[in-house]
Amino acid sequence: MSIAVTTQLICFSILSLIIIVGSLGVVLLESIVYSAFLLGGVFMSVAGLYLLLNASFVAAAQVLVYVGAINVLILFAIMLVNKKEDLKPIKYLNSRKLISSTICITLLSLLLRVDLSNTWILADPKLSIGEESTIRLGEHLFSDYLLPFEVASVLLLMAMIGAIVLARRDVLSEDISTGLPVDQELIEKSDKPLLIEKK
Amino acid sequence: MTNGLDLEFSFNEALKSFGVPSEIAHIIWLPFPMLIVLVAAVVGVLVTVWLERKISAAAQQRIGPEYAGALGVLQPIADGLKLLVKEDVIPEKADSILFTAGPILVLVPVILSWLIVPFGQNLLISNVGVGIFLWIALSSIQPIGLLMSGYASNNKYSLLGGLRAAAQSISYEIPLALSVLAIVMMTNSLSTVDIVNQQSGAGILSWNIWRQPIGFVIFWICALAECERLPFDLPEAEEELVAGYQTEYAGMKFALFYLGSYINLILSALLVSVLYLGGWGFPIPVETITRFLNIPIDTSFIQVITATLGIVMTILKAYLLVFIAILLRWTTPRVRIDQLLDLGWKFLLPISLANLLLTAGLKLALPNFFGG
Chain A
193 MSIAVTTQLI CFSILSLIII VGSLGVVLLE SIVYSAFLLG GVFMSVAGLY LLLNASFVAA
253 AQVLVYVGAI NVLILFAIML VNKKEDLKPI KYLNSRKLIS STICITLLSL LLRVDLSNTW
313 ILADPKLSIG EESTIRLGEH LFSDYLLPFE VASVLLLMAM IGAIVLARRD VLSEDISTGL
373 PVDQELIEKS DKPLLIEKK
Chain B
198 MTNGLDLEFS FNEALKSFGV PSEIAHIIWL PFPMLIVLVA AVVGVLVTVW LERKISAAAQ
258 QRIGPEYAGA LGVLQPIADG LKLLVKEDVI PEKADSILFT AGPILVLVPV ILSWLIVPFG
318 QNLLISNVGV GIFLWIALSS IQPIGLLMSG YASNNKYSLL GGLRAAAQSI SYEIPLALSV
378 LAIVMMTNSL STVDIVNQQS GAGILSWNIW RQPIGFVIFW ICALAECERL PFDLPEAEEE
438 LVAGYQTEYA GMKFALFYLG SYINLILSAL LVSVLYLGGW GFPIPVETIT RFLNIPIDTS
498 FIQVITATLG IVMTILKAYL LVFIAILLRW TTPRVRIDQL LDLGWKFLLP ISLANLLLTA
558 GLKLALPNFF GG
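So the protein sequences, as listed, match chains A and B. Final position of the first sequence in the numbering used here is 391; the numbers increase by one with none missing. Final position of the second sequence in the numbering used here is 569; the numbers increase by one with none missing.
A couple of the hints might just be wrong.
Partial list, computed: chain A residues near chain B (C-beta under 7 Å) [what the hints assert, rightly or not]:
{"no.": "1", "residue": "Ile195"}
{"no.": "2", "residue": "Gly232"}
{"no.": "3", "residue": "Ser248"}
{"no.": "4", "residue": "Phe249"}
{"no.": "5", "residue": "Ala252"}
{"no.": "6", "residue": "Val255"}
{"no.": "7", "residue": "Gly260"}
{"no.": "8", "residue": "Leu267"}
{"no.": "9", "residue": "Glu323"}
Quick list of in silico lysine to any residue cross-link-like pairs, SDA-like style, CA-CA up to 25 Å [as the list claims (entries may be wrong)]:
{"no.": "10", "chain 1": "B", "residue 1": "Lys560", "chain 2": "A", "residue 2": "Ser325"}
{"no.": "11", "chain 1": "B", "residue 1": "Lys353", "chain 2": "A", "residue 2": "Glu222"}
{"no.": "12", "chain 1": "B", "residue 1": "Lys560", "chain 2": "B", "residue 2": "Ser403"}
{"no.": "13", "chain 1": "A", "residue 1": "Lys318", "chain 2": "B", "residue 2": "Ser219"}
{"no.": "14", "chain 1": "A", "residue 1": "Lys318", "chain 2": "B", "residue 2": "Glu220"}
{"no.": "15", "chain 1": "B", "residue 1": "Lys543", "chain 2": "A", "residue 2": "Ile262"}
{"no.": "16", "chain 1": "A", "residue 1": "Lys289", "chain 2": "A", "residue 2": "Leu303"}
{"no.": "17", "chain 1": "B", "residue 1": "Lys353", "chain 2": "A", "residue 2": "Ile266"}
{"no.": "18", "chain 1": "B", "residue 1": "Lys353", "chain 2": "A", "residue 2": "Ile270"}
{"no.": "19", "chain 1": "B", "residue 1": "Lys353", "chain 2": "A", "residue 2": "Ser223"}
{"no.": "20", "chain 1": "B", "residue 1": "Lys560", "chain 2": "A", "residue 2": "Arg328"}
{"no.": "21", "chain 1": "B", "residue 1": "Lys560", "chain 2": "B", "residue 2": "Ala399"}
{"no.": "22", "chain 1": "B", "residue 1": "Lys251", "chain 2": "B", "residue 2": "Ala265"}
{"no.": "23", "chain 1": "B", "residue 1": "Lys353", "chain 2": "A", "residue 2": "Ser227"}
{"no.": "24", "chain 1": "B", "residue 1": "Lys353", "chain 2": "B", "residue 2": "Gln536"}
{"no.": "25", "chain 1": "B", "residue 1": "Lys290", "chain 2": "A", "residue 2": "Ile224"}
{"no.": "26", "chain 1": "B", "residue 1": "Lys283", "chain 2": "B", "residue 2": "Leu271"}
{"no.": "27", "chain 1": "B", "residue 1": "Lys290", "chain 2": "A", "residue 2": "Val218"}
{"no.": "28", "chain 1": "B", "residue 1": "Lys543", "chain 2": "A", "residue 2": "Val357"}
{"no.": "29", "chain 1": "B", "residue 1": "Lys560", "chain 2": "A", "residue 2": "Ser335"}
{"no.": "30", "chain 1": "B", "residue 1": "Lys353", "chain 2": "A", "residue 2": "Ile224"}
{"no.": "31", "chain 1": "B", "residue 1": "Lys543", "chain 2": "A", "residue 2": "Ile266"}
{"no.": "32", "chain 1": "B", "residue 1": "Lys353", "chain 2": "A", "residue 2": "Leu265"}
{"no.": "33", "chain 1": "A", "residue 1": "Lys289", "chain 2": "A", "residue 2": "Leu231"}
{"no.": "34", "chain 1": "A", "residue 1": "Lys318", "chain 2": "B", "residue 2": "Pro218"}
Partner residues are not named here, just some residues of chain A that face chain B (Cβ under 10 Å, in silico) [stated by the list, open to error]:
{"no.": "35", "residue": "Val225"}
{"no.": "36", "residue": "Leu256"}
{"no.": "37", "residue": "Asn263"}
{"no.": "38", "residue": "Leu272"}
{"no.": "39", "residue": "Thr326"}
I should point out that these hints are in silico values taken from the structure, not numbers from a laboratory. Since the model is a prediction, treat every value here as computed from it, not as a measurement. Think of the CB as a built atom: it goes at the ideal place given N, C-alpha and C, for glycine as much as any other residue.
Working from the sequences, and respecting the hints, build out all of it.
This is the structure we're talking about:
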């Protein structure tokens, strides 16, 4: 075995270990903040796997989008609403845990069976385009994948408008959380509080 | 275009002549550039700290550090040693794991980004294809470290500071990336070496600052905001938030934040010089000078001089920008958080989009000047 292959094997094992342990931690840990930080670690390790596959642009995009944007926003949301209150006890918690873990283990065994029974066709590593993949990605995004790309951007726009509508009370005629009518004029006057007082 | 010095090639050839296989030679070579760049970064921080002390003193009509070495040049080393021997305090109610991991997560991406800073044609750690995009991606990890240390300190000022830092960093990343994108569009490549080579045609006249003046200003403002320098140092605004996310930190962990912010400042200055000021290029192209003097450019003597000149030019340009950043810090007032976000989202973002559109249009109209 050459040095390059050994290095790859070591990196792959470490990254896989981090991904598996980290994802289990995201699901199983009680503290939601720890879960969010571990999720960032898992995203980073996935970027590492992309690097091992010679897809450096995808790896950098993974770090930028998933770690730099999505994970930071998740953390932001958690920290802005980090109330210290005890959650209501959920009924039949143990049996719920049992059922969900059974389903997960069944799905995992199904995936393992597919993996082991299938013979995978490996691409010739000599045909790897490496650094040229950035150009190839751009070509595909502007030709045969143009429609999905544009539709995804429309989807994001819709999500953004939806979030603004939910967050701004003056768009809807009644408040979503309380069901009381919203006074439209309140929004315009800065000297009056935005919150509706119950009468 | 000449290849310039290729130290790795020469090193590997030298080892091969001793009968070392090329793979082993490569592994022996690997740590050298990394160590050199790491040492250069730390020395750069020491120089910047000294400059900051001296220039702030001049701005306030003081003398500044004077007794530690000539003109106080040893003062930053004394500062560093002080931080090194201080007690490492972790507050009792803090989350000790996240409290320790936070500063590391802030520093590591900044140091990793030095991977792509070129000091010459072959004088960089790795000419990776994603180049400048790697820096943008890595700098987006930093807010996680800031949020982590802000949360783990279990202190309201720290948490607010961390949240502010993350908000600021997210807001200014977008115009920053868009102004870099305009450069990338002109170069047709993400690689920092290609970006410098594209500016090397006619010396100072072909530098990107003349073709991208709006992009240059946007990039510099956003880089200052990303480094949390005044006028954008809201995350650690002393009057409001004590010291922001650094409030509970002491000793070496505080030093990591300190080091990280200064390394980031030097890195940003270096990247401004690479993207807009012609990188290692001399104001008059070296090829023109050698042709004028009738010396063949391939002689090893000229190669060594060219490489040295390249390193000196890169550092000179970067430190000119560091000087401007320090002057800005000691002469401008701080903006408010709402002004900061307004500037980012309502002014810089539309302007940088318009700049991108303008660059694309000019690239189509004048392909000779805008890298068609």
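Against the structure, the hints come out as follows:
1. Ile195: Constraint on A/Ile195 satisfied, holds at 5 Å.
2. Gly232: OK, holds: A/Gly232 within 7 Å of chain B, min 6 Å.
3. Ser248: holds (5 Å)
4. Phe249: holds (5 Å)
5. Ala252: holds (4 Å)
6. Val255: With a closest approach of 4 Å, the A/Val255 hint holds.
7. Gly260: holds (2 Å)
8. Leu267: With a minimum Cβ separation of about 5 Å from chain B (threshold 7 Å), the hint on A/Leu267 holds.
9. Glu323: It holds, given that the least Cβ distance between A/Glu323 and chain B is near 3 Å, below 7 Å.
10. B/Lys560 x A/Ser325: holds (23 Å)
11. B/Lys353 x A/Glu222: holds (23 Å)
12. B/Lys560 x B/Ser403: holds (15 Å)
13. A/Lys318 x B/Ser219: holds (21 Å)
14. A/Lys318 x B/Glu220: holds (19 Å)
15. B/Lys543 x A/Ile262: holds (22 Å)
16. A/Lys289 x A/Leu303: holds (21 Å)
17. B/Lys353 x A/Ile266: This hinted pair holds, its Cα atoms lying about 19 Å apart.
18. B/Lys353 x A/Ile270: holds (15 Å)
19. B/Lys353 x A/Ser223: Holds. B/Lys353 to A/Ser223 sits at ~19 Å (cutoff 25 Å).
20. B/Lys560 x A/Arg328: Holds. B/Lys560 to A/Arg328 sits at ~21 Å (cutoff 25 Å).
21. B/Lys560 x B/Ala399: Given that 25 Å is the threshold and the Cα spacing comes to 19 Å, the pair holds.
22. B/Lys251 x B/Ala265: OK: B/Lys251 and B/Ala265 at ~13 Å, within 25 Å.
23. B/Lys353 x A/Ser227: OK: B/Lys353 and A/Ser227 at ~22 Å, within 25 Å.
24. B/Lys353 x B/Gln536: holds (22 Å)
25. B/Lys290 x A/Ile224: holds (18 Å)
26. B/Lys283 x B/Leu271: Measuring from Cα to Cα gives roughly 19 Å; hence the hint holds.
27. B/Lys290 x A/Val218: holds (23 Å)
28. B/Lys543 x A/Val357: Holds, because 20 Å separates the two Cα atoms, which is no more than 25 Å.
29. B/Lys560 x A/Ser335: It holds: about 21 Å lies between the C-alpha atoms, which stays within 25 Å.
30. B/Lys353 x A/Ile224: holds (19 Å)
31. B/Lys543 x A/Ile266: holds (24 Å)
32. B/Lys353 x A/Leu265: holds (19 Å)
33. A/Lys289 x A/Leu231: holds (21 Å)
34. A/Lys318 x B/Pro218: holds (23 Å)
35. Val225: holds (6 Å)
36. Leu256: holds (4 Å)
37. Asn263: Status holds, d = 7 Å.
38. Leu272: OK, holds: A/Leu272 within 10 Å of chain B, min 7 Å.
39. Thr326: Holds, because the Cβ-Cβ distance from A/Thr326 to chain B comes to roughly 6 Å (cut-off 10 Å).
Violated hints are absent here; each numbered hint is respected by the structure.
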